Amino acid sequence: MTEIIRVGMADLKAARHPAILTTLGLGSCVGITLYDPKTKIIGMVHIMLPCSQIATAITNRAKFADTGIADLLAEMISLGANRKEIVAKIAGGAQMFKFAGSHETLNIGTRNSEATKQVLKELGIPILAEDVGGTHGRTIEISSEDGRLMVKTIGYGIKYI
Amino acid sequence: MKSEIDINNINSFHLDVLKEIGNIGAGNAATALAKLLNKRIDMKVPQIRVMKFSDVSDVLGGAESEVVGILLGVTGDITGNIMFVLDLLSAKRLVNILFGRDIDAETEFGSMETSALQEVGNILAGAYLSSLSNLTNLRILSDIPGIAIDMAGAILSVPAVEFGKNSDTVLYIENEFTYGENSVVGDFFLVPDEASYIRLLNALGVA
Numbered sequence: 001m002t003e004i005i006r007v008g009m010a011d012l013k014a015a016r017h018p019a020i021l022t023t024l025g026l027g028s029c030v031g032i033t034l035y036d037p038k039t040k041i042i043g044m045v046h047i048m049l050p051c052s053q054i055a056t057a058i059t060n061r062a063k064f065a066d067t068g069i070a071d072l073l074a075e076m077i078s079l080g081a082n083r084k085e086i087v088a089k090i091a092g093g094a095q096m097f098k099f100a101g102s103h104e105t106l107n108i109g110t111r112n113s114e115a116t117k118q119v120l121k122e123l124g125i126p127i128l129a130e131d132v133g134g135t136h137g138r139t140i141e142i143s144s145e146d147g148r149l150m151v152k153t154i155g156y157g158i159k160y161i
Numbered sequence: 001m002k003s004e005i006d007i008n009n010i011n012s013f014h015l016d017v018l019k020e021i022g023n024i025g026a027g028n029a030a031t032a033l034a035k036l037l038n039k040r041i042d043m044k045v046p047q048i049r050v051m052k053f054s055d056v057s058d059v060l061g062g063a064e065s066e067v068v069g070i071l072l073g074v075t076g077d078i079t080g081n082i083m084f085v086l087d088l089l090s091a092k093r094l095v096n097i098l099f100g101r102d103i104d105a106e107t108e109f110g111s112m113e114t115s116a117l118q119e120v121g122n123i124l125a126g127a128y129l130s131s132l133s134n135l136t137n138l139r140i141l142s143d144i145p146g147i148a149i150d151m152a153g154a155i156l157s158v159p160a161v162e163f164g165k166n167s168d169t170v171l172y173i174e175n176e177f178t179y180g181e182n183s184v185v186g187d188f189f190l191v192p193d194e195a196s197y198i199r200l201l202n203a204l205g206v207a
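Protein chains in written order, with our numbering: chain A, 1 to 161; chain B, 1 to 207.
Don't read these hints as lab results, they were simulated from the structure.
Possibly wrong hints are sitting among the right ones.
[Unchecked claim] These stretches of chain A come out as covered by chain B in the derived footprint (C-beta under 8 Å, 3 or more residues):
#1 8–22
#2 25–31
#3 46–54
#4 86–98
#5 135–142
[Stated by the list, open to error] In silico negatives: residues of chain B with every beta carbon more than 10 Å from chain A:
#6 Lys19
#7 Glu20
#8 Val45
#9 Ser54
#10 Asn134
All figures in this text were calculated on a predicted structure; none of them were measured in a lab.
We treat Cβ as the ideally placed atom computed from N, Cα and C, and that holds for glycine.
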């Protein structure tokens, strides 16, 4: 049996082959998965907010796109992943509720996915695939075998990116 | 005397007060629902959940279970969110009762059904918050409701995200209500932000 490791909200995990990493019910949050195809080391972080600079105190770095991705990368490297080989796939960043009025946090999904792309760009990590935006929740699962990312939704079925 | 309240180490006395706030608010909301449906609504003892974000998605029978969430922003002297969550079957039954259909009639969620549910959310949130307002003498209002039908984890994370800026935990005041033999089961969640629940406790003279 392949071990399936759950990543909670504001949480990150890195693992070696043959592990599978999953996070359930992404709404406005973004799930970032990193994969080194040579060593088959995988990592996943489930971020809630775009940037750690908005916080008054940072006690959990996995909460933010900038600090979360940086920490995940460091953890994968410490497991033996090669920085240059690492590629990314991202999913989430939906707007779950639609309102007539505007409310800052309501566009948090878009801000999260934009910040994620920016951070990955700055780190020089290519994004191979993405499934972001929309108004629906997502469950994602990455396999260390081939780095394939499963995206499961209610109403839009299952797809692999 | 000024006491520091830390959400991560909330004491049992404050928890009891928050439970009572939930009881009074949800009690009024349940009464409003009973009047609206002309049915008897039962309520369970409220729960206060102070949760780490990583545990949030597991409330309500699993992160992937399909639920209907009606979310309203809370404004005025306290800020945060109030949310009314039903599992899909309960939501269908609630709509059927509202529309005078057979309770288990096959129902799709069209615009009429979702706006009816939004309006239910509006009425219940209004009843909940006005009782809190009377109790605390604070001005507490709600915004226009929004509705989502999706995974429980994705829906519950929405009020949690607002907490994320300053805290690593989120406080939910949860009340479960039922109609009939579990025909309709729903939950009210009041999720005040950190400053607001302290303000609530202060207004009641217990902080």
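Comparing the hints with the structure gives:
| no. | hint | in the structure |
| --- | --- | --- |
| 1 | 8–22 | holds (count 4) |
| 2 | 25–31 | holds (count 5) |
| 3 | 46–54 | holds (count 3) |
| 4 | 86–98 | holds (count 4) |
| 5 | 135–142 | holds (count 5) |
| 6 | Lys19 | 25 Å, holds |
| 7 | Glu20 | 28 Å, holds |
| 8 | Val45 | 27 Å, holds |
| 9 | Ser54 | 3 Å, violated |
| 10 | Asn134 | 26 Å, holds |
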